[in-house]
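Asks: Each chain, written out:
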Amino acid sequence: MSRLFDKNLATLAWRNLRRNTRRNLATGLAIAAGFTAFMLAAGYAYRVQRVLSSYTVYALHVGHIGIYKKGALEMFSIKPKDYAMSADDQKIVDDVLKDMDNIEMSGRYLSGQGLIGNGCKTFPFMASGVDLTIEDKVMNHRTLKRWNEHLYKHRTGQSLWEFPDSFGAVSISAGLAQLLGKTKVHSELGEAKPVMITDCTAPDARALFGADANVQFAAGSWDGTLSALDGEIVGRFTTGLQETNNTAVTMSLAHLQKLLNTESIGNMSVWLKEPLLLDLTITNLRSKLQKAAPHLEALPWRDERLSPYYTGTMQFIFVMVSFIGCVLAVVIILSIFNSATMTVIERSQEVGMFRSIGYNSKTMRKIFLMEGFFLTGISLACGIVLGLLAMFLVNRLHITLEPPGVSGGIQLILSPNALIILVGSAIVSLLGVGSTWIAVTSVVRQNIAKLVSGAHR
Amino acid sequence: MNASPAIIQLKDVKKSYKLGETDVPALKGINIELKRGEFTAVVGASGSGKSTLLNIVGCIDDPDSGSVLVDGVEVTKLDDDSKSALRNRKIGFIFQSFNLVPVLNVYENVELPLLINPDIPRSEHQDRVSQALKDVAIDHLAKNLPDQLSGGQRQRVAIARALAGSPALVLADEPTANLDSVNSHRIIDLMLELNAKRGVTFLFSTHDEKLMARVSRHIQIADGLIKA
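Read top to bottom, the protein sequences are chains A and B.
When we follow my numbering, the leftmost residue of the first sequence carries the number 189, and every step to the right adds one.
When we follow my numbering, the leftmost residue of the second sequence carries the number 191, and every step to the right adds one.
Keep in mind that a hint or two might mislead.
[Claimed, not checked] Cut-off 27 Å, straight-line C-alpha distance, at most; resulting in silico cross-link-like pairs (DSS-like, lysine-lysine):
hint, chain 1, residue 1, chain 2, residue 2
1, A, 279, A, 446
2, B, 333, A, 554
3, A, 638, B, 201
4, A, 554, A, 195
5, B, 267, A, 638
6, A, 258, A, 476
7, A, 446, A, 258
8, A, 267, A, 279
9, B, 387, B, 400
10, A, 279, A, 258
11, B, 387, B, 324
12, A, 446, A, 269
13, A, 446, A, 309
14, B, 208, A, 638
15, A, 195, B, 333
16, A, 461, A, 476
17, A, 258, A, 479
18, B, 204, A, 638
19, B, 218, A, 638
20, A, 258, A, 286
21, B, 267, A, 550
22, B, 267, B, 204
23, A, 279, A, 269
Honestly, the hints are just simulated from the structure, not real lab data.
Looking at chain A on its own, in the form it has when it is part of the complex (with noise of 0.2 Å):
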């Protein structure tokens, strides 16, 4: 068919469309409104994840890759001497990345556990130890920074990076702080001395716990004895979680390791400069320390061993949103289904008159496929205007969630994704053309007397 015979069939089923306009404007307010409802469904979900996945890689120091040895997943926590990785293994890691591409960056992790002290009470500690090379570029990435923005805002104090491995410097968790009595860091206290405490039941006690911001450190060292250090708060943070905000303590690789007596190291993560290639990247990784070091393994960040909340999370999430996602499906279909039917039905002697005059079947199947996708394509512009004036409503409104396990309140922020909309766009349109389509087959199929006699209907 020629193009000029095409633009005549555009321009038949545009003017079509006007024929019956409240049907039409009925089926494309359902559509709209659809739209509207998956966009929103979406943005939160889009929202969520990258939230969640940023913080997870940058924040939680995950990486996008994480190598370990085999097996420490499970074992580290108990047998953490066997399960680490040592001096040696950390050298065949970095010669191996650094012969790769895609690689931003990559720092050395260790994780412990104790008990931290005031001088008075004690509670228990999980501590990351990390990498203070790199840690002001992963935790002031611009992807953390752009989806995380709420970290940075509930963050007192200065970073770890700003002082050397032997001052001792710490940052714990907003409810381990008030725990403690430690209401204030470092900078805010100057070059107070640490307080000593005589009678901890003495009613000026708790007082004095925030006088100063050295805390006490003790842990049993992975070679079986008993550890303790000092340490300065100089950071307060959260960790957004109620169930890590109260135990969560971040220090120095070296001061954690002089903790445990140790020099080696838990896990090293890897941050891409292209996310995108990870599996790529990783497939290469992988291969390369099945020849260096087969004893070590290359995960990805969305391994569920390595981010259970993040796909704990997400995983709800997709079932919610693709059932939402179903629902609307289902609605777009049968509006369509029906819409069409109703068309092809009341123009079946129309449609017996153009097959007389020479139009075939697959033709007139093309007229209604356009109206079709001109009727969806109108509703989906429709929709995604209200569903962007929704998002930005929603947005200005600052709605708080308090989800439970979630420490404070999270703002209800949408956030459209342009390749989202692109895809759930193209989907929405293809079950209207093909709604249409079955709608519309078996009449333009039949025969063409009774189409014209108007038996049909």
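Keeping the supplied structure of chain A fixed, place chain B upon it in accordance with the hints.
Replies: What follows is chain B alone, placed relative to chain A:
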């Protein structure tokens, strides 16, 4: 165009319809030959088989058996696309209820068959449509939409559409059934005039006795058989 003087040849054409479990015969073995340029009316009572005959001649319905030749082509052996192409190039249709597309203006309605005819270049469309509209004397209404026209004017548009592609045969099923007597006579006069002027073969069905008198050849059909 085929050199044969016969534009239509029907040999022993039979057609029946299902009515529940019963087969109701509509045509019981029809033999007809129509020469080029003839102006013929198929007459008969309602249910006699007039429309079925026209539908089969126009390739919009298939016979159960028999042979149908249109301009020398055996149409019973053609597939759907070939029949569509044959209808587009060789046959024009005029319907009782006009069947104009309400969202297209008169010019666009008349142009419809030309849009899918590869033998007629786009550059000829305007001349052909204008000529067809002049022939039916409604060229001044080219920009009007069908609902701005009277019944007689609409049927003229339908005739112009049937003639625009210069078909060898024009079929009209009760073309005056929806018109008053004045307009009915005008339409028949017009068809006669076009038959004489363009040499187009006309085959139309009617049960209007006043019109029958204006037509040179009648095919009388009753109970699915040709009577005269």
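Asks: A separate judgement is required for each hint: does it hold in the structure or not?
Replies: A quick look at each hint next to the structure:
1. Between residue 279 of chain A and residue 446 of chain A the CA atoms are separated by roughly 20 Å; this keeps the pair inside 27 Å, and the hint holds.
2. Of the supplied pair hints, the one linking residue 333 of chain B and residue 554 of chain A holds, its CA atoms being roughly 26 Å apart against a limit of 27 Å.
3. Taking the CA atoms of residue 638 of chain A and residue 201 of chain B, the gap is near 23 Å; set against the 27 Å cutoff, the hint holds.
4. The straight-line distance between the Cα atoms of residue 554 of chain A and residue 195 of chain A is roughly 12 Å, inside the 27 Å bound, and the hint therefore holds.
5. Annotation: proposed proximity of residue 267 of chain B to residue 638 of chain A holds, straight-line Cα distance about 21 Å (limit 27 Å).
6. Restraint check for residue 258 of chain A and residue 476 of chain A: satisfied, since their Cα atoms lie roughly 15 Å apart, inside the 27 Å limit.
7. Between residue 446 of chain A and residue 258 of chain A the alpha-carbon distance is near 25 Å, which keeps this suggested pair within the 27 Å criterion.
8. With a C-alpha separation of about 22 Å, the suggested pair residue 267 of chain A and residue 279 of chain A falls inside the 27 Å cut-off, and the hint holds.
9. Pair hint residue 387 of chain B plus residue 400 of chain B holds up; C-alpha atoms about 23 Å apart against a cutoff of 27 Å.
10. Only pairs whose Cα atoms come within 27 Å are accepted, and residue 279 of chain A paired with residue 258 of chain A is accepted, the gap being roughly 17 Å.
11. For the suggested pair residue 387 of chain B and residue 324 of chain B, the alpha carbons sit about 13 Å apart, so the restraint of at most 27 Å is met.
12. Only pairs whose Cα atoms come within 27 Å are accepted, and residue 446 of chain A paired with residue 269 of chain A is accepted, the gap being roughly 14 Å.
13. The hinted pair formed by residue 446 of chain A and residue 309 of chain A meets the criterion: a straight-line CA distance of about 23 Å does not exceed 27 Å.
14. Distance hint between residue 208 of chain B and residue 638 of chain A is fulfilled; the C-alpha atoms sit about 13 Å from each other, no more than 27 Å.
15. For the hint linking residue 195 of chain A to residue 333 of chain B, the alpha-carbon distance of about 19 Å falls within 27 Å, and the restraint holds.
16. Taking the CA atoms of residue 461 of chain A and residue 476 of chain A, the gap is near 19 Å; set against the 27 Å cutoff, the hint holds.
17. With a C-alpha separation of about 15 Å, the suggested pair residue 258 of chain A and residue 479 of chain A falls inside the 27 Å cut-off, and the hint holds.
18. Only pairs whose Cα atoms come within 27 Å are accepted, and residue 204 of chain B paired with residue 638 of chain A is accepted, the gap being roughly 18 Å.
19. Between residue 218 of chain B and residue 638 of chain A, the direct Cα distance comes to roughly 20 Å. Compliance with the 27 Å bound is thereby established for this hinted pair.
20. Distance restraint check for residue 258 of chain A and residue 286 of chain A: the Cα-Cα separation of roughly 22 Å lies within the 27 Å cut-off, and the hinted pair is therefore satisfied.
21. With a C-alpha separation of about 20 Å, the suggested pairing of residue 267 of chain B with residue 550 of chain A holds against the 27 Å cut-off.
22. With a C-alpha separation of about 16 Å, the suggested pair residue 267 of chain B and residue 204 of chain B falls inside the 27 Å cut-off, and the hint holds.
23. Of the pairs offered as hints, the one joining residue 279 of chain A and residue 269 of chain A holds, with about 18 Å between alpha carbons and a cut-off of 27 Å not exceeded.
Checked against the numbered hints above, the structure violates none of them.
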